[in-house]
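Take a look at the letters that make up each chain.
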Amino acid sequence: MTALVASALQKRYGSVVALGGVDLTVEPGELVGLIGANGAGKSTLMKIACGLVRPSAGEAMVCGAPARSRDARRSLGYLAELFRFPGWATASEVLALHQQLAGSLGGRTERDELLELVGLSDAAGRRVEGMSKGMQQRLGIAQALIGEPKLLLLDEPTSALDPAGRRDIRTLLLGLRERGVAVLLNSHLLGELELVCDRVVVLGHGRIVAAGRPEELTRTGGVEIQTGDGIRRFPQARREDIPRLVSELVSQGVDIYEVSLIRDTLEDVYLQALERE
Amino acid sequence: MRETLIIARHAVQETIRRRVFVVVLVLTILFLALFTVASAKAFAAEGSFQFGSNGPVGPAGVASLTTVTLLGLGVFGSLFLAAVLGVFLTVGAVAGDAERGLLQPLVVRPLGRRQFLLGRLVGAAAVSIAYVTVLYAVVLVIVHQAGGQWPDFIVGPAVALMGAVTILVAMSLLGSVFLSTMANGIAMFMLYGAGLVSGLLASIGAALNAHTVQTISHDITIALPFEGLYEAAVHSFASNAAGLARVAVNLGPFGAAQAGSTFFYLWAVVYFGLAAMIATAGFERRDL
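Residue numbers (our numbering), protein chains in the order written: chain A, 1 to 277; chain B, 1 to 288.
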């Protein structure tokens with residue numbers, strides 16, 4: 001069953017159009033990245049999917065159930081962009097509360113596993129108010145994983161993490177994908193999305209302006225060859241031209257040290273999409 | 001029901017474990033200490049005096065007057081402190097917590113928003129009711145220790161006080177659905193003040209026999225039934241009293257001119273239900 005289906009989803013706040021008719025599906029085991037400028041509608045799309053916001057038109061279905069329904073919320077885990085847990089509670093207490101609300105029977109074993117998964121094994125008894133922002137974000141991710149959700153909605157999950165923390169979360173996401181969990185990931189860290197996502201959706205002014213696999217979206221932009229007398233660029237060349245170019249240069253007696261295929265990054269794709277808008 | 005109880009328990013835990021609870025505890029002890037001293041001094045200083053054309057008031061009448069006045073003061077203080085606690089627990093329960101990001105992780109869980117709100121209401125009301133009951137009981141004991149008298153009725157006023165704090169909690173929770181924490185706090189402060197003014201108007205109306213003033217006071221009490229319940233509690237302290245004690249109950253600074261009625265108690269229940277229903281409907285429709 002498809003984890004998330006958004007059909008002609010619209011959301012207006014007065015005269016402001018946050019979503020202008022978005023169609024999107026996320027299949028089980030698929031990791032979909034959302035990118036777009038601030039106010040493009042990424043968080044609104046996630047909030048509609050998890051029932052925090054009512055759509056003005058269209059519908060969202062989570063694992064076959066209408067978003068906002070209890071069945072839909074039983075199937076998902078959500079990490080908000082701006083979230084907080086009570087400062088007086090310990091990490092373990094936060095997870096225990098969410099286990100109760102989610103109806104999870106995992107008990108202490110599940111809590112310990114999740115804390116270990118996000119690197120907080122030693123902080124189970126620590127109060128939230130004594131945690132760094134990065135630790136709180138890790139706890140937020142652990143909270144979203146309670147009850148083994150089929151769909152994970154993560155809104156900027158790595159914004160407060162250091163590079164090592166980001167790598168841990170990437171590894172975690174890849175593990176979840178292998179277990180068949182569908183993930184919708186919203187992040188401004190485009191390089192990160194490029195590394196883990198099966199598909200990337202670019203939102204602009206509440207509409208999808210580009211979508212596809214990262215390698216489809218990122219086109220080649222020429223070949224760069226580092227030679228003994230400097231870097232030579234071949235802007236029109238493609239991957240299959242590389243052997244010929246190298247052969248020609250070698251026959252001319254040029255020393256070659258490195259050959260690079262230049263690709264547009266997701267950032268380039270994103271900026272071009274915004275310019276077209 | 002299970003989810004409601006989980007949220008209620010969480011709310012109670014939050015009350016007890018936040019540092020502000022220590023502040024409430026310290027202020028309560030301070031209030032009770034001052035009240036103990038004031039009660040002892042008041043009974044030590046009492047004597048007999050002339051009461052208009054009714055002749056001299058003897059020691060028994062003065063003791064009765066002192067008891068009723070002190071009880072009025074004690075109940076006023078108890079309700080005020082309980083109101084502060086109850087409002088504090090609920091003033092930012094929806095809009096404030098949503099703004100701080102505390103609410104979203106909870107309401108995406110498979111519990112209804114109605115159950116969530118009911119849980120917050122039950123938790124805050126339970127804490128406030130327990131607090132006001134304990135405070136009321138201690139006030140009665142202090143006055144009895146100082147003057148040797150119990151009020152005419154004990155349980156009725158306690159129930160009325162519990163009702164008053166429950167309505168205040170419901171009003172604050174309702175406000176939190178539609179207003180920011182700051183705006184709701186100011187609104188609750190002003191409504192509580194309006195209730196006090198209504199009580200004073202009732203006393204003035206009774207003293208001057210001014211029906212319009214009494215009608216205005218009565219209408220405010222209908223709009224803010226926590227005040228009517230408070231007045232009913234104070235009024236019933238000396239239901240059987242006569243003479244000066246009766247006058248103190250009706251006109252004194254900590255007295256109450258309006259007694260409760262069956263209609264009013266029913267209205268208070270309906271008012272509570274309406275507040276809870278409107279809060280739930282507003283919360284169901286609110287985007288977070």
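It should be emphasised that the hints constitute simulated quantities derived from the structure, not laboratory data.
Computed from a predicted structure; not experimentally measured.
Among the hints, erroneous ones may be present.
[Unchecked claim] A few chain A residues facing chain B, derived, Cβ under 10 Å: (1) A8; (2) A80; (3) Q100; (4) G103; (5) L105; (6) G107; (7) E148; (8) K150; (9) E194; (10) Y257; (11) L261; (12) R263.
All C-beta atoms in this analysis are idealised placements derived from N, C-alpha and C, irrespective of residue type, glycine included.
For each hint, the structure was consulted:
1. A8: 19 Å, violated
2. A80: A80(A) check passes; min Cβ-Cβ to chain B is 5 Å, inside 10 Å.
3. Q100: 5 Å, holds
4. G103: At about 7 Å, which falls below the 10 Å cut-off, the nearest Cβ of chain B leaves the hint on G103(A) intact, so it holds.
5. L105: Violated, about 14 Å.
6. G107: Check failed: Cβ of G107(A) comes no nearer than 15 Å to chain B, outside 10 Å.
7. E148: With a minimum Cβ separation of about 14 Å from chain B (threshold 10 Å), the hint on E148(A) is violated.
8. K150: 13 Å, violated
9. E194: Constraint on E194(A) not satisfied, violated at 28 Å.
10. Y257: 51 Å, violated
11. L261: 43 Å, violated
12. R263: 37 Å, violated
Hints 1, 5, 6, 7, 8, 9, 10, 11 and 12, counting from the list given before, are not met by this structure.
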